[in-house]
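Chemist: Whenever a hint applies, use it, and build me the whole structure from the sequences.
There are 2 protein chains.
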Amino acid sequence: VIFYPDHLDLSGERFTVTYRLVGDEITAMERAKDICVEQTVEFPADLVPPGPIREQIFGRIESFSSLDDTHYQAEISFAVEISGFELPQLINVLFGNISIKPGIRVESFRLPQTLLSAFKGPRYGRQGLRVYTGITHRPLLCTALKPMGLSPRQLAELAYQFALGGIDLIKDDHGLANQSFCPFEERVSRCAEAVLRANQETGRRCMYFPNITSPADILLKNAHYARSAGAGGLVITAGLTGLDTMRSLADDDGISLPILSHPAFIGSFVTSEEQGISHYALYGQLMRLAGADASIYPNYGGRFSFSKSACCSIIEGTCVDMGHILPIFPAPGGGMSLGRIPEMNACYGKEVIYLIGGDLHRQGPDLVENTRRFVEKVEEEVKRAEGT
Amino acid sequence: VIFYPDHLDLSGERFTVTYRLVGDEITAMERAKDICVEQTVEFPADLVPPGPIREQIFGRIESFSSLDDTHYQAEISFAVEISGFELPQLINVLFGNISIKPGIRVESFRLPQTLLSAFKGPRYGRQGLRVYTGITHRPLLCTALKPMGLSPRQLAELAYQFALGGIDLIKDDHGLANQSFCPFEERVSRCAEAVLRANQETGRRCMYFPNITSPADILLKNAHYARSAGAGGLVITAGLTGLDTMRSLADDDGISLPILSHPAFIGSFVTSEEQGISHYALYGQLMRLAGADASIYPNYGGRFSFSKSACCSIIEGTCVDMGHILPIFPAPGGGMSLGRIPEMNACYGKEVIYLIGGDLHRQGPDLVENTRRFVEKVEEEVKRAEGT
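For the record, the sequence lines run as chains A and B. According to my numbering, the first sequence holds residues 299 to 686 in order. According to my numbering, the second sequence holds residues 299 to 686 in order.
Nothing false has been slipped in among the hints.
Same chains, same label: a pair holds when it works inside one copy or across any pair of copies.
With a cut-off of at most 27 Å between alpha-carbon atoms, the simulated DSSO-like pairs for lysine-lysine come out as follows:
| hint | residue 1 | residue 2 |
| --- | --- | --- |
| 1 | Lys418 | Lys519 |
| 2 | Lys606 | Lys681 |
| 3 | Lys648 | Lys675 |
| 4 | Lys331 | Lys606 |
Just so you know, these hints were derived from the structure itself, not from any lab.
Modeler: Here is the structure:
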């Protein structure tokens with residue numbers, strides 16, 4: 299009777315995942331029971347006799363309730379040991395095989411301290427990034443180096459102008475990789491130098507965040523290069539590299555730079571409410587657990603299709619209590635404009651990074667002046683809001 | 299006029315992606331035009347004057363045709379240089395930011411030789427895996443070590459019995475990570491030893507494939523451990539580690555083991571026809587380009603929801619002409635049973651790996667005998683089919 303484990307001495311500590319399930323009550327309950335098995339033993343449940351595997355390894359339905367006639371919500375708990383206290387396997391338990399089944403969405407998760415303590419989380423977080431940049435009284439302001447096709451010299455000139463104009467953070471567009479017309483090392487060294495030069499003129503502390511998304515076997519080398527070239531942080535498309543690659547960068551004391559996570563590639567997880575992972579859990583909780591200091595996502599009302607409530611839920615995920623895992627900045631971007639600052643300020647308040655790319659070019663040919671206007675506009679809006 | 303590049307001397311070689319677009323003709327054409335910009339410059343198109351960026355960096359619509367009143371298909375080409383000849387950026391061009399927009403699905407892609415030559419692809423492929431295993435006349439047969447909760451000693455006993463029974467490949471269940479009750483190194487060394495011991499008795503060449511999905515900073519160490527312990531191959535959930543991590547493992551001459559890719563976590567890409575990546579492109583072309591020698595996916599009619607036509611499309615993706623990139627095995631699994639072998643044989647023929655897990659336990663308590671029956675049944679079915 300091989301299904302009685304030799305020894306299985308688990309702590310009894312469990313983590314909990316909230317799933318949204320599509321279907322009538324019977325179908326939804328079947329899905330919940332299926333999650334308990336599929337995410338753990340992946341084995342015909344009827345072949346597992348009563349005993350330790352069924353009691354300790356199977357997921358456990360902690361609650362089950364109706365959202366409406368065709369949607370239910372289940373809280374399912376798993377023994378912390380199943381995660382192996384490693385991020386890839388933790389994510390695999392949250393949404394591994396069941397990602398291939400319809401009608402299941404991860405809404406949120408709660409990890410007890412025993413499991414949280416396996417993760418360092420973001421190195422800086424909101425507060426650390428404020429100390430690092432020296433900006434305490436207003437949102438942080440970020441722009442992107444683009445369009446693709448420009449040379450490192452030209453991108454460095456853009457960076458110089460943005461920095462002169464008073465922007466706080468300048469990131470590579472996430473499509474800037476190691477192209478022949480814009481090689482990684484030349485771009486990073488030129489842009490970092492340009493930003494430092496501007497800082498010497500302005501007395502400010504603008505930071506350059508190169509895009510570090512690159513092949514697995516050279517990513518760490520690139521991160522070290524960026525650091526030694528004077529980069530102030532890193533951008534990484536964690537969906538492309540794997541979330542745990544971002545985690546390993548964040549944990550690396552030899553790098554020690556703040557990290558912006560980019561949302562590309564994994565949009566399919568959030569395009570349907572009927573399936574996938576919620577905005578809250580993916581761009582909020584998971585990016586944060588995996589070490590991002592700020593999570594970029596497409597703002598509502600821009601050229602993407604996130605709703606305002608989806609964006610608000612991401613904000614919640616960036617700061618919900620997760621023990622020692624620091625709150626991080628939400629970083630809405632994607633087709634934003636200066637004209638929307640008052641409205642965005644009303645929604646986001648101060649604890650946000652505003653990411654404005656193309657619109658800074660739209661205001662006229664003088665990028666320094668355009669950037670100044672952006673900073674002033676945000677400063678004014680913060681003062682106005684505080685005065686009221 | 300910063301939008302005129304210093305120098306942009308591209309080869310003119312382009313790769314092509316076929317997208318399925320949701321909407322009436324006008325909407326679908328807007329989506330196609332948007333892809334050309336969003337996947338490259340991410341910049342307001344109206345701010346880019348006629349010139350090199352517009353001509354060489356923007357994607358180009360090569361064809362646009364109606365599938366039905368609300369679905370269109372567009373072939374869009376991109377300069378090969380935009381990929382940087384690196385897998386993460388290539389995938390980013392295929393489906394980066396547009397993954398966050400609704401109504402766009404990657405159907406397939408075609409890479410010219412200049413771009414294909416940047417990738418080694420699978421080290422073994424179908425033919426290499428046949429030479430490696432010595433099985434040439436029938437499908438390869440694979441089972442999985444499960445359920446989670448058993449000790450390394452118990453899993454090794456299972457592996458021993460499967461190997462005695464004549465199975466070709468034995469893989470870890472993909473949820474076996476480095477749990478306290480089943481530590482990676484002990485499991486791998488015990489299971490590898492058990493399979494080698496069985497091989498000495500049978501004279502066969504059964505291979506053990508441990509699950510190598512693990513944190514980014516120890517994955518390579520684990521792979522080396524597995525190799526030195528006598529593993530015959532590796533299983534990796536490429537969606538969790540990043541596809542490029544699998545690519546780097548496949549390319550590593552110090553590892554040189556065949557790789558099975560597991561489909562978990564990234565199911566959200568294929569759950570809707572209206573969005574995401576097709577089965578063909580994700581579990582066929584991309585897994586193959588990223589170095590998998592076999593691509594595991596849930597078989598139709600099992601406990602997952604893939605259709606028969608989706609499964610057939612994956613087979614096509616595993617063997618469509620991709621230059622020097624070897625054809626790989628489709629490896630359908632997930633709730634399969636012995637009773638389905640005749641039907642599956644009719645569908646898949648010989649160029650397949652059959653993955654049967656739980657059902658081998660269902661046939662009775664003697665796993666050696668159950669495995670023997672599985673092998674015999676497949677042998678008989680192949681002979682029967684060849685006789686007709």
